[in-house]
Amino acid sequence: MANPEKFDISPKKAAKINALIGRIDTIIEAAFEMERLYGKELKKVHPEYQESARNLIHYRALRSHDLNELQKGLRNMSMSRLARVQSHVLRSLYLNRAILKSFLGKEMKNSRKGVSYKKANRLLKTNAKTLLGYRSKGRRTRIMVTLPSEAANDYDLVKNMIAKGMNCARINCAHDDKQAWEKMIKHVRKASKQLKNKCKVAMDLAGPKIRTGPLVAGPRLRKLRLEKNDRGEIVQPLQILLSDQEVDTSGMPLLPLSGEDLQKLAIGDLLSFRDARNKKRKLKIIETHDNGLIAHCFKTTFLETGIELYTKKDKKEAIAKLGVIPTIEKPILLQKGDLLRLDREELAGESARHDAQGRLISVAHISSTEPEVFDDLKVGEPVLFDDGKMGGVIKSIQKEFAEIEIKHTAENGGKLRADKGMNFPLSKLSISGITQKDRLDLDFVVAHADVINLSFVNSPSDVRQLFNELKKRKAKSGLGVILKIETQRGFNKLTEILLAAMQLYPIGVMIARGDLAVECGWKNMGRVQMEILSFCQAAHVTDIWATQVLENLAKRGVPSRAEITDVVEAQQADCVMLNKGPFILDSIKLLDSILKS
189 MANPEKFDIS
199 PKKAAKINAL
209 IGRIDTIIEA
219 AFEMERLYGK
229 ELKKVHPEYQ
239 ESARNLIHYR
249 ALRSHDLNEL
259 QKGLRNMSMS
269 RLARVQSHVL
279 RSLYLNRAIL
289 KSFLGKEMKN
299 SRKGVSYKKA
309 NRLLKTNAKT
319 LLGYRSKGRR
329 TRIMVTLPSE
339 AANDYDLVKN
349 MIAKGMNCAR
359 INCAHDDKQA
369 WEKMIKHVRK
379 ASKQLKNKCK
389 VAMDLAGPKI
399 RTGPLVAGPR
409 LRKLRLEKND
419 RGEIVQPLQI
429 LLSDQEVDTS
439 GMPLLPLSGE
449 DLQKLAIGDL
459 LSFRDARNKK
469 RKLKIIETHD
479 NGLIAHCFKT
489 TFLETGIELY
499 TKKDKKEAIA
509 KLGVIPTIEK
519 PILLQKGDLL
529 RLDREELAGE
539 SARHDAQGRL
549 ISVAHISSTE
559 PEVFDDLKVG
569 EPVLFDDGKM
579 GGVIKSIQKE
589 FAEIEIKHTA
599 ENGGKLRADK
609 GMNFPLSKLS
619 ISGITQKDRL
629 DLDFVVAHAD
639 VINLSFVNSP
649 SDVRQLFNEL
659 KKRKAKSGLG
669 VILKIETQRG
679 FNKLTEILLA
689 AMQLYPIGVM
699 IARGDLAVEC
709 GWKNMGRVQM
719 EILSFCQAAH
729 VTDIWATQVL
739 ENLAKRGVPS
749 RAEITDVVEA
759 QQADCVMLNK
769 GPFILDSIKL
779 LDSILKS
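Read in order, the letters of the sequence shown correspond to residues 189 to 785 in our numbering.
Honestly, the hints are just simulated from the structure, not real lab data. Heads up, a few of these hints could be off.
Claimed, not checked - The calculated label-pair distances, taken between Cβ atoms and stated as ranges, are:
1) Lys777 x Asn417: 26 to 36 angstroms
2) Lys200 x Arg749: 44 to 54 angstroms
3) Gln433 x Gly494: 12 to 22 angstroms
4) Arg300 x Leu255: 18 to 28 angstroms
5) Leu292 x Gly666: 49 to 59 angstroms
6) Arg272 x Leu225: 54 to 64 angstroms
7) Lys777 x Met267: 22 to 32 angstroms
8) Gly494 x Pro559: 35 to 45 angstroms
9) Arg272 x Lys524: 16 to 26 angstroms
10) Ser460 x Lys595: 48 to 58 angstroms
11) Ile455 x Lys524: 49 to 59 angstroms
12) Glu684 x Asn206: 34 to 44 angstroms
This one's a predicted model, so the numbers in the text were calculated from it and none came from an experiment. Backbone N, C-alpha and C fix where the C-beta goes; we use that ideal spot for every residue, glycine too.
Throw the hints in and build the complete structure from the sequences for me.
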């Protein structure tokens, strides 16, 4: 390079510049030292990730230093503050060092070590394309969508999802079965071909989700409550669904009738009956539905199994009879300060019981779906229920149960129900990332999916377990893996987890913000999700922004202002994931529009 321009710099200014150069040299030395420390792991990394893995280590070294003084000094000289160098750490350090040297009148020798910005950007784009397929025209961020159960029997729904912007269809192995999954995948492949818009298929292994166990069953009773105004007047009739299906996602109350009884009914029929309280009630059938008939209910009604329905034409002989009404779940009522017994054995949970004088007979109790956690719990550790809505501290641990003192709940007490998530943010749980169900599901997943989503990744050993299972099944080359980071432990071990995963190509990371927010604390969630994004960018690993994106819109048809802001933030990720809901097509359309604008 030609002789640099000479700057008129005072000795005091030169000393400050030399101090900045010294700080950068210290970070560069630390980067190479950390590269040596991770030598064994780096040797095992897939060839496609070699440079990326080293850049990840360099970023880890950068983050291990207090950068405040260095960044302040660089800012005062109108230079890059190293705030956005995640994907090209070493090259940026050397460049800043060379510029500082030039201020001192020395030749500006810029090292070519490390990944350049241009190459880093190319690696990020290539890796995202390899893992999740082509992006839609006009946006860089892809859209992943969880397929609802009806996608197995509704080809048009799947086709419309792809047409509106879905790039990757997610199937959750915690729901439905292999027959339904196969139908969903066939619909995705067929629609992709028809629309000439290839959509990949990602399948979630359920993983060891810790949930509350079953509760004591209540009566088989269904209350139909109508909306009323301030005067207590009914605003409009309640729409209900008469169906022979066990499950429906329309959001309407479902009343079970046999297929034979449904065929006897027609639009316009007025059905009269006496409800569970012996009150005279009526239903009017107004239209057909894919899963049965829609009827209007005009008054608050209590329904139970076996209620007979009559028409105006024949009041003596019932035209239909209600099928089995599901039992009402009796939630456990808990106040701050109450004791909750967590049972190792699967006992039906129930609220505390008291005698006629109000004296406590037995404390509230509930079981856990993963009794293995008892072996890892310690007194004093926190336990959170239902996405953190309720929480407590372990007071004692016995062979068959643990006692939890409730520390926070809703203002007037909370209700704990069955199948609600449980989190142990400070406990070192040893439960495996691969369950027996996952192993059974893997045979199907390996044969049909483009990408495997591994849930609850807490350590490199969870990743190695999956890779061993894939090796046993001789999984095809190019099968992608997405690691779901949803615990404090997984976040703390992110560098080691990434290096273990980078032995396979391609991989991605999903920021599963639901459990992660509970584990890390709501006040830390913003920082945590941004740090995960930063480490993924440093490793040139594809990242997915997930959980509760446009959830109000998907479930209720109207988005909140906070959700729109969240989507704007989500554009920093390579992919955004939507969950299923009755208004999922509207959600995909709006998300696609925002990401394009």
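So, going through the hints one by one against the coordinates:
1. Lys777 x Asn417: 26 to 36 angstroms: Between Lys777 and Asn417, where Cβ atoms are some 33 angstroms apart, the hint holds.
2. Lys200 x Arg749: 44 to 54 angstroms: For Lys200 and Arg749 the Cβ distance comes to about 51 angstroms; the hint holds.
3. Gln433 x Gly494: 12 to 22 angstroms: holds, 19 angstroms
4. Arg300 x Leu255: 18 to 28 angstroms: Given range 18 to 28 angstroms: holds, Cβ gap about 24 angstroms.
5. Leu292 x Gly666: 49 to 59 angstroms: holds, 51 angstroms
6. Arg272 x Leu225: 54 to 64 angstroms: violated, 26 angstroms
7. Lys777 x Met267: 22 to 32 angstroms: Because 44 angstroms falls outside the window, the suggested range is violated.
8. Gly494 x Pro559: 35 to 45 angstroms: holds, 38 angstroms
9. Arg272 x Lys524: 16 to 26 angstroms: violated, 45 angstroms
10. Ser460 x Lys595: 48 to 58 angstroms: holds, 52 angstroms
11. Ile455 x Lys524: 49 to 59 angstroms: holds, 52 angstroms
12. Glu684 x Asn206: 34 to 44 angstroms: For Asn206 against Glu684, whose Cβ atoms are near 36 angstroms apart, the range 34 to 44 angstroms holds.
In terms of the numbered hints stated before, the structure departs from hints 6, 7, 9, listed from lowest to highest.
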